[in-house]
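Novice: Chain residues, written in single-letter form:
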Amino acid sequence: MTEPSLESILEAALMAAGEPLSVDRLRGLFDDAVAPSPGAIEKALQRLAEQLQGRGVELRQVGSGYRLQVPEDYAHWVSRLWEEKPTRYSRAVLETLAIIAYRQPITRGEIEEIRGVTLGSNIMRTLQERGWVRVAGHRDAPGRPAVFATTRDFLDYFNLSSLSELPSLLEIGDPGPEHPELDLEVPLQREPSAGPEDDPHP
Amino acid sequence: MTEPSLESILEAALMAAGEPLSVDRLRGLFDDAVAPSPGAIEKALQRLAEQLQGRGVELRQVGSGYRLQVPEDYAHWVSRLWEEKPTRYSRAVLETLAIIAYRQPITRGEIEEIRGVTLGSNIMRTLQERGWVRVAGHRDAPGRPAVFATTRDFLDYFNLSSLSELPSLLEIGDPGPEHPELDLEVPLQREPSAGPEDDPHP
Amino acid sequence: MSDTADAGLLEPEVVATVRGQPMADWPRDLYIPPDALEVFLEAFEGPLDLLLYLIRRQNLDILDIPIAEITRQYMSYVELMKDLRLELAAEYLVMAAMLAEIKSRMLLPRPPASDEDDDPDPRAELVRRLREYEQFKEAGRSIDALPRVNRDVFTGQAAAPAMQPAQRQPDVALGELLAAFAEVLERAEMFTHHRIEQEALSVRERMSETLARLDGQRFVPLTEILQPHEGRPGVVVTFLAILELLKAALIELTQSRPYAPLYLRSAGVMGPSEAAQ
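Protein chains in written order, with the working numbering: chain A, 8 to 209; chain B, 8 to 209; chain C, 18 to 294.
One or more of the hints may lead you astray.
[What the hints assert, rightly or not] Some chain B residues close to chain A (C-beta under 10 Å, calculated; not the full set):
1. Leu52
2. Leu55
3. Glu57
4. Arg62
5. Val77
6. Tyr81
7. Val85
8. Thr94
9. Tyr96
[Unchecked claim] Per the computed footprint, the stretches of chain C lying under chain B, defined by three or more beta-carbons under 8 Å from a beta-carbon of chain B, are:
10. 82-90
11. 137-151
12. 190-197
13. 252-259
No lab work stands behind these hints: they were computed from the structure.
For each residue, glycine too, the CB sits at the ideal point set by N, CA and C.
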């Protein structure tokens, strides 16, 4: 092959090193007799930096020399490499979210009444940190309890244009004569596991 | 800034990772809603590979995915970065590795039969500690002997994308200098031979 | 091991004692001085390897092994090995026995009636093993010649950009939400007498929206909340939402005097008396 260019050799070395290399160390890649001058190295590094414009990697001078680095503009994507796998939300979180979605605005006490258990403080925090639930106001009652509602982000996430697009219970196959109030008119799309025939009317 | 191109994003991720990334993992850099298709990722990788032509870095597909690496042409300079000479492996290790690579899954007894000698325990330990060989299962035979196979790390380390890239097993008719260190250079002429054991991909 | 090759030029003297017999000569093909013998032996990976060497040394066709000659040479090597590296010798002795067996079988006259198939050439199995071994010997060499990480190729790595380690949020499907709600309702029905009241979700939504618009201490005129451009259904839904919010004590409705404009304000933010101004 033809002799690679000086800047390609420097790029290769910086790439392989994965750490900053000084001009001296870069000169050490060559036999003494043919080692480029420090000035020639610096010039080649300059050319390399120009070649890398707009690429996923850039040349940067740091304390101990030069190094190749992924520009910060790419942090959004690159950081995903180190993200932990998302854990699943607990049933408590999902139920609470569902109650808030369908019964908003609603106080913590009312949620607890429906679920029949005390609401752990981390549940509401999880939902608020996710940006799906917010405090919508306070009820003029003893203690002035906060009332919770879902947010626009919640609708966006679930691809809904408004709460009225939330599916009715019918969609999971509950014919629900005991809940006629939930009998919203929505075209049905059942999950295969639970059709109405699985749940004979009591 | 303007949105970086897909290939630059992939380049950035491969750079930052410093290890092979599968197409799946590359897709994971994006939110589900905007993740490019596997085909689009492959195409962008192709463009990236073309952009890197003649540079100090190349895109290479190895066992566990794609990685950016310094091409062999640069080893002359780049190896200067490290004082240590890379480990040499004994013939026993290399032959055992070759037998496992071409004949996997294979038991220790079968390896010994081919080599005609008992397999020193340190050989299998070396191969397993390097992460090149693993116990792939047990044969349903008396003693339930372990069967060995090569790993993805083996492919990665030897710059292979799959076992089919292994050099094909030589026909025995091929002349080759035996023990050149013993001053043995004899031209050989043999009948062409081909047996079932010549098949490199059992 | 290039020194062993150069050493082949040395003049041999009495080099070893084998079975009490002083040996003035190494076997014809073994151009190796005594102090290099151990190194030489280590160059072989076993009896098959040695056998291959002998065949190659003699420029013999592997498929046509002259068993008598090979056996003779082999035995002399094994004798040397026994003296030097006893622990190595066992496998070589097995091979020697096998060669001797083949040799003896070939010396025996073949029964005239015997068929070629019934009495295959006793060398066939040896040849098969030698060929197979040689293949993998070569394959080991090919693998050694493959480009290797940190010897021939080097993985590219660049410093990662500054990042906040983001926590990835779990995904939730709408169906999961629905299932969760169904389960809650079922439980509520079973264990409590909580009455799920009938309200269209559009009213619920409007309640939340109205609360959001009343966020803070400001009094908002009722007419600002009821948007005529939403049409009759919109105004009705908003009105129902306001009634629900009043009933739930989430907002206050005030009027400074009869027939004056009605004002809404979110409840519970501050005491009503201080907020009146």
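Novice: Are there at least three residues in the region 190-197 of chain C whose beta carbon sits under 8 Å from a beta carbon of chain B?
Specialist: violated (count 0)
Novice: Holds or violated: is the Cβ of Leu52/B closer than 10 Å to a Cβ in chain A?
Specialist: Violated, because the Cβ-Cβ distance from Leu52/B to chain A comes to roughly 12 Å (cut-off 10 Å).
Novice: Hint Arg62/B vs chain A: min CB-CB distance below 10 Å?
Specialist: With a minimum Cβ separation of about 6 Å from chain A (threshold 10 Å), the hint on Arg62/B holds.
Novice: Going by Cβ atoms only, is Val85/B closer than 10 Å to chain A?
Specialist: Check passed: Cβ of Val85/B comes within 5 Å of chain A, closer than 10 Å.
Novice: In terms of beta carbon proximity below 8 Å, does the region 82-90 of chain C have 3 or more residues touching chain B?
Specialist: violated (count 0)
Novice: Three residues or more, CB to CB closer than 8 Å: is that satisfied between the region 252-259 of chain C and chain B?
Specialist: Since three or more residues must qualify, the claim that chain B covers the region 252-259 of chain C is violated, with 0 doing so at under 8 Å.
Novice: Quick check on Tyr81/B please, does its C-beta sit within 10 Å of some C-beta on chain A?
Specialist: At about 4 Å, which falls below the 10 Å cut-off, the nearest Cβ of chain A leaves the hint on Tyr81/B intact, so it holds.
Novice: Going by Cβ atoms only, is Glu57/B closer than 10 Å to chain A?
Specialist: violated, 13 Å
Novice: According to a criterion of three or more residues whose C-beta lies within less than 8 Å of a C-beta of chain B, is the region 137-151 of chain C covered?
Specialist: That given contact holds, which follows from 6 residues of the region 137-151 of chain C lying within Cβ reach (below 8 Å) of chain B.
Novice: Against chain A, is Val77/B within 10 Å by beta-carbon distance?
Specialist: Hint on Val77/B: holds, closest Cβ of chain A at ~4 Å, below 10 Å.
Novice: Against chain A, with CB atoms and a cut of 10 Å, does the hint on Leu55/B hold up?
Specialist: OK, holds: Leu55/B within 10 Å of chain A, min 8 Å.
Novice: Checking hints one by one. Is Thr94/B an interface residue toward chain A, by the C-beta closer than 10 Å rule?
Specialist: violated, 17 Å
When the structure is compared with the earlier hints, violations turn up for hints 1, 3, 8, 9, 10, 12, 13 and for no others.
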